[in-house]
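Residue numbers (my numbering), protein chains in the order written: chain D, 1 to 328; chain R, 329 to 828.
Careful, some of the hints might be misleading.
Claimed, not checked - Here are the computed distance ranges between Cβ atoms for each label pair:
{"#": "1", "chain 1": "D", "residue 1": "Glu11", "chain 2": "R", "residue 2": "Gln742", "range": "48 to 58 Å"}
{"#": "2", "chain 1": "R", "residue 1": "Ser374", "chain 2": "D", "residue 2": "Phe55", "range": "30 to 40 Å"}
{"#": "3", "chain 1": "R", "residue 1": "Gly789", "chain 2": "D", "residue 2": "Glu21", "range": "12 to 22 Å"}
{"#": "4", "chain 1": "D", "residue 1": "Ser291", "chain 2": "R", "residue 2": "Ser374", "range": "32 to 42 Å"}
What the hints assert, rightly or not - Below 25 Å or equal to it, Euclidean Cα-Cα: the simulated BS3-like pairs (lysine-lysine) are:
{"#": "5", "chain 1": "D", "residue 1": "Lys104", "chain 2": "R", "residue 2": "Lys397"}
{"#": "6", "chain 1": "D", "residue 1": "Lys237", "chain 2": "D", "residue 2": "Lys64"}
{"#": "7", "chain 1": "D", "residue 1": "Lys60", "chain 2": "R", "residue 2": "Lys369"}
{"#": "8", "chain 1": "R", "residue 1": "Lys480", "chain 2": "R", "residue 2": "Lys813"}
{"#": "9", "chain 1": "R", "residue 1": "Lys802", "chain 2": "R", "residue 2": "Lys480"}
{"#": "10", "chain 1": "R", "residue 1": "Lys586", "chain 2": "R", "residue 2": "Lys369"}
{"#": "11", "chain 1": "R", "residue 1": "Lys802", "chain 2": "D", "residue 2": "Lys292"}
{"#": "12", "chain 1": "R", "residue 1": "Lys389", "chain 2": "D", "residue 2": "Lys258"}
{"#": "13", "chain 1": "D", "residue 1": "Lys104", "chain 2": "R", "residue 2": "Lys337"}
{"#": "14", "chain 1": "R", "residue 1": "Lys772", "chain 2": "D", "residue 2": "Lys186"}
{"#": "15", "chain 1": "R", "residue 1": "Lys333", "chain 2": "D", "residue 2": "Lys90"}
{"#": "16", "chain 1": "D", "residue 1": "Lys116", "chain 2": "R", "residue 2": "Lys339"}
{"#": "17", "chain 1": "R", "residue 1": "Lys772", "chain 2": "R", "residue 2": "Lys375"}
{"#": "18", "chain 1": "R", "residue 1": "Lys802", "chain 2": "D", "residue 2": "Lys27"}
{"#": "19", "chain 1": "R", "residue 1": "Lys634", "chain 2": "D", "residue 2": "Lys186"}
{"#": "20", "chain 1": "D", "residue 1": "Lys104", "chain 2": "R", "residue 2": "Lys332"}
{"#": "21", "chain 1": "R", "residue 1": "Lys357", "chain 2": "D", "residue 2": "Lys104"}
{"#": "22", "chain 1": "D", "residue 1": "Lys74", "chain 2": "R", "residue 2": "Lys396"}
{"#": "23", "chain 1": "R", "residue 1": "Lys369", "chain 2": "R", "residue 2": "Lys357"}
{"#": "24", "chain 1": "D", "residue 1": "Lys186", "chain 2": "R", "residue 2": "Lys332"}
{"#": "25", "chain 1": "D", "residue 1": "Lys288", "chain 2": "R", "residue 2": "Lys357"}
{"#": "26", "chain 1": "R", "residue 1": "Lys772", "chain 2": "D", "residue 2": "Lys90"}
{"#": "27", "chain 1": "D", "residue 1": "Lys186", "chain 2": "R", "residue 2": "Lys375"}
{"#": "28", "chain 1": "D", "residue 1": "Lys186", "chain 2": "R", "residue 2": "Lys813"}
{"#": "29", "chain 1": "R", "residue 1": "Lys754", "chain 2": "D", "residue 2": "Lys64"}
{"#": "30", "chain 1": "D", "residue 1": "Lys258", "chain 2": "D", "residue 2": "Lys60"}
{"#": "31", "chain 1": "D", "residue 1": "Lys60", "chain 2": "R", "residue 2": "Lys772"}
{"#": "32", "chain 1": "D", "residue 1": "Lys27", "chain 2": "R", "residue 2": "Lys332"}
{"#": "33", "chain 1": "D", "residue 1": "Lys262", "chain 2": "R", "residue 2": "Lys389"}
{"#": "34", "chain 1": "D", "residue 1": "Lys90", "chain 2": "R", "residue 2": "Lys375"}
{"#": "35", "chain 1": "D", "residue 1": "Lys104", "chain 2": "R", "residue 2": "Lys586"}
{"#": "36", "chain 1": "D", "residue 1": "Lys288", "chain 2": "R", "residue 2": "Lys337"}
{"#": "37", "chain 1": "D", "residue 1": "Lys258", "chain 2": "D", "residue 2": "Lys323"}
{"#": "38", "chain 1": "R", "residue 1": "Lys357", "chain 2": "D", "residue 2": "Lys116"}
{"#": "39", "chain 1": "D", "residue 1": "Lys292", "chain 2": "D", "residue 2": "Lys323"}
The hints are simulated quantities; they were obtained by calculation from the structure and are not laboratory data. This structure is a prediction, so every number in the text was calculated from the model and none was measured. For each residue, glycine too, the CB sits at the ideal point set by N, CA and C.
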Amino acid sequence: MTIEIKTSTLEPVRNTFANIERRFGDKPASRYQEATYDLQAETNFHYRPLWQPEFELNDKNRTKIVMEDWYALKDPRQFYYGAYVQQRAKMQEAAESSYWLFEKRNLADYLSDDVKNLLITYLIPLRHIENTANLNNMYGCAFGYGTAITQALLYNAMDRLGIAQYLSRIGLMLDGNTGQSLIESKQHWMENPAWQGIRALCEEMTTVEDWFEVVLAQNLVMDTLVFNLFYEQLDGKLAAMGGRDIAMLTEFMQAWNKDVNKWFDSVLKTVASESDENKALLHAWTEKWQSKVLDALKPVIQELLEPEALDLAVAELEKRIKKAGITA
Amino acid sequence: MSAKKLNLKDKYRLLTRDLDWEYSYVDRKKAFPYEEFEGIKITDWSKWEDPFRLTMDAYWKYQAEKEKKLYAIFDAFAQNNGHLNVTDARYVNAIKIFLTGVSPLEYQAYQGYAHVGRQFGGAGARVACQMQSIDELRHVQTQIHAMSHYNKYFDGFQDWTHMHDRVWYLSVPKSFFDDARSAGPFEFLIAISFSFEYVLTNLLFVPFMSGAAHNGDMATCTFGFSAQSDEARHMTLGLEIIKFLLEQHEDNVPIVQKWIDKWFWRGTRLLSIVAMMMDYMLPNKVMSWKEAWEVYFEEAGGALFKDLARYGIRMPKFVEVTEKEKEHVSHQAWWIFYNYGHAAGFHTWIPSDEELDWLSEKYPDTFDKYYRPRWELAKKMEAEGKRFYSQALPQLCTTCQIPMGFTKMDDPTQIAYRSSDYEGEKYHFCSDGCKHIFDEEPEKYVQSWLPVHQIYQGNCGGASVEEVLRDYYKLNLGADNLDIKGSPDEQRWKEWKGVA
């Protein structure tokens, strides 16, 4: 028997906000829709930015990509702030218990010096790449157009800060909370010849003007290659060296990568299918940055992984490019 | 390893600003190009003291807990028709102003902090701004979700973003934030983090949220409580930025003082809408605007500026004017809206007899003398069926964009007209404060998108005011505007409450 709880129902005057109704019709809307569509000011700006008088405060011309409606770039994860933090809180809870266990069981003590050295030389420096990714996604957030894409870029930027902090914590677990491993790994980042190509590229990326270009260079090209090489492929090598437990500490990054690829692939697909001009731009940018990132990665990957490692990573990137429909 | 264990402060430093590095391959100024043009001198970013130490994992965790509770209450509120618990249908107009006038500012704050959160070369300041950016996004989105239920049952909420870009009185808050965002990164922080979040926020946020609490608005009030811990972080950022700039170089002091002068005045003008909300729109009053000003600005602000005196910072210019204005500004603002109630996206009304008495009691030196007679007259005219609406469009102040209805504060029977000439054109202002701001930066304020000018120039559609309101603003005429008396809002309220 079902018992019906009696509530008084009042007939609403309308189902949702007028802008949502204009887009989707007069029906109840989701929280994602109400918190996303048309939030950003469109017109009647009062003053031109002192720092970029050639543009309005919110201006579609800060990228060469042209969209009829920038709100077409919706997030398949439907992340508004509340949904985003709750999802990430779940992931951090899992990460926290792994980090806790790693510390409690003193698992760092069971790592060989070789493994520790490898982590300090090749894994921990990724926190600087994450810092760059934070800057590049913030750039897209600040100069992008429409809440649909800019909020997702902000979530991404904050995620990158979070990942940089997890990587730093790995360092602190290796050195018993003295910070020594972070100092050493930063030295590698600053001085080790193997890293200089990537460091130079990171610096260059933060000077790119077109926000969509830099977001693509980061979130498609750089990330696909870096995550495949330094998390998936390196994982195998670490396991072979007796450092299997490190996977506990990088699980967050792997799960995160899957989550954001779902979003960014859909963004690229929508942009590419909007027009041939967009598609051509995406293609040109992808080619340009793929060659830059590969050149930069070569020295460090030569030292770290097997000769075919880069090809494997490129295959992964090509899969994503194809899926997004970015063709010549 | 023999090195010492890190303390929390050093650990946070390693987890944030140590992620940054000195560039070797490109000119760092190309990556952070906006740090110098304002004339601010930063000699050493490493002197930045992190105003709070929150790593992302902790941020996700705490914020998720807050969101979970907040949305549980929103759900319960909707399920139980929480809107029926507000004091009366008049109250809802206060939060219409909030959604159309304030929530879009939260959005602009999200954008503004994202911009400085990318552009500051100092990683400590950058990360603090990024966190504020995402918090501000939280605020606008939770406000939308809090108001979403009201929108289903009351008029005037439905087209809030469209309205914010166009409606005449909403250009007051919009231009305020456009002004801040179009400024350089350091001015933005002095404008919003310091002058607004630190000095004046208690006068915006607290009145609305206490107003909600006093008037049975569970949704808004819960949002307010939930945002409080975010706001506390934002205030510490405001204090840190000012100390940092003042300590970095003595040449920064006069620049910062100029910004404080400007943004204090800009802020007080923006708050006139809050003043009117507190004194006229809340059926259950929290405190008078005058009292709020005394507690939150004169006492708290006074102590703050005493602290800042050691850096060579003085009280904001024109602060003495605000001492007089607190007696008048709410009455004059509500009177403007009462006169233009046909062109507003919310309802207006004449205060009840009890409310008039409350105003007399709270404003013994001014209300009976200057303002009660106006309301008595309006009441008489309404009773005779002669409710009066001003048909002529008002002149607007070029700086704050409020209709030129404010009086000289020494003579509340005379409108305070000020003007400046710039490149052969005359510009009008409501006050010495607004004139001063224009005179310092005329090339900026001549760009102002003044709604009344724009209507006259034919940039807002239609030839008549009615067409502008209906087609360009998308107001539902006869529902969103005019007096609460006889409105669909009032009718529905009476039906729900079972009163005739």
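Evaluated hints:
{"no.": "1", "hint": "Glu11/D - Gln742/R: 48 to 58 Å", "in the structure": "holds, 51 Å"}
{"no.": "2", "hint": "Ser374/R - Phe55/D: 30 to 40 Å", "in the structure": "holds, 33 Å"}
{"no.": "3", "hint": "Gly789/R - Glu21/D: 12 to 22 Å", "in the structure": "holds, 21 Å"}
{"no.": "4", "hint": "Ser291/D - Ser374/R: 32 to 42 Å", "in the structure": "holds, 37 Å"}
{"no.": "5", "hint": "Lys104/D - Lys397/R", "in the structure": "violated, 32 Å"}
{"no.": "6", "hint": "Lys237/D - Lys64/D", "in the structure": "violated, 41 Å"}
{"no.": "7", "hint": "Lys60/D - Lys369/R", "in the structure": "violated, 32 Å"}
{"no.": "8", "hint": "Lys480/R - Lys813/R", "in the structure": "holds, 20 Å"}
{"no.": "9", "hint": "Lys802/R - Lys480/R", "in the structure": "holds, 17 Å"}
{"no.": "10", "hint": "Lys586/R - Lys369/R", "in the structure": "holds, 15 Å"}
{"no.": "11", "hint": "Lys802/R - Lys292/D", "in the structure": "violated, 50 Å"}
{"no.": "12", "hint": "Lys389/R - Lys258/D", "in the structure": "holds, 21 Å"}
{"no.": "13", "hint": "Lys104/D - Lys337/R", "in the structure": "holds, 23 Å"}
{"no.": "14", "hint": "Lys772/R - Lys186/D", "in the structure": "violated, 44 Å"}
{"no.": "15", "hint": "Lys333/R - Lys90/D", "in the structure": "violated, 30 Å"}
{"no.": "16", "hint": "Lys116/D - Lys339/R", "in the structure": "holds, 20 Å"}
{"no.": "17", "hint": "Lys772/R - Lys375/R", "in the structure": "violated, 33 Å"}
{"no.": "18", "hint": "Lys802/R - Lys27/D", "in the structure": "holds, 20 Å"}
{"no.": "19", "hint": "Lys634/R - Lys186/D", "in the structure": "violated, 43 Å"}
{"no.": "20", "hint": "Lys104/D - Lys332/R", "in the structure": "holds, 20 Å"}
{"no.": "21", "hint": "Lys357/R - Lys104/D", "in the structure": "violated, 45 Å"}
{"no.": "22", "hint": "Lys74/D - Lys396/R", "in the structure": "holds, 23 Å"}
{"no.": "23", "hint": "Lys369/R - Lys357/R", "in the structure": "holds, 14 Å"}
{"no.": "24", "hint": "Lys186/D - Lys332/R", "in the structure": "holds, 19 Å"}
{"no.": "25", "hint": "Lys288/D - Lys357/R", "in the structure": "holds, 24 Å"}
{"no.": "26", "hint": "Lys772/R - Lys90/D", "in the structure": "violated, 47 Å"}
{"no.": "27", "hint": "Lys186/D - Lys375/R", "in the structure": "holds, 21 Å"}
{"no.": "28", "hint": "Lys186/D - Lys813/R", "in the structure": "violated, 69 Å"}
{"no.": "29", "hint": "Lys754/R - Lys64/D", "in the structure": "violated, 40 Å"}
{"no.": "30", "hint": "Lys258/D - Lys60/D", "in the structure": "violated, 29 Å"}
{"no.": "31", "hint": "Lys60/D - Lys772/R", "in the structure": "holds, 22 Å"}
{"no.": "32", "hint": "Lys27/D - Lys332/R", "in the structure": "violated, 62 Å"}
{"no.": "33", "hint": "Lys262/D - Lys389/R", "in the structure": "holds, 23 Å"}
{"no.": "34", "hint": "Lys90/D - Lys375/R", "in the structure": "violated, 35 Å"}
{"no.": "35", "hint": "Lys104/D - Lys586/R", "in the structure": "violated, 55 Å"}
{"no.": "36", "hint": "Lys288/D - Lys337/R", "in the structure": "violated, 41 Å"}
{"no.": "37", "hint": "Lys258/D - Lys323/D", "in the structure": "holds, 15 Å"}
{"no.": "38", "hint": "Lys357/R - Lys116/D", "in the structure": "violated, 36 Å"}
{"no.": "39", "hint": "Lys292/D - Lys323/D", "in the structure": "holds, 22 Å"}
In the structure shown, a violation is registered for the earlier hints numbered 5, 6, 7, 11, 14, 15, 17, 19, 21, 26, 28, 29, 30, 32, 34, 35, 36, 38, in ascending order.
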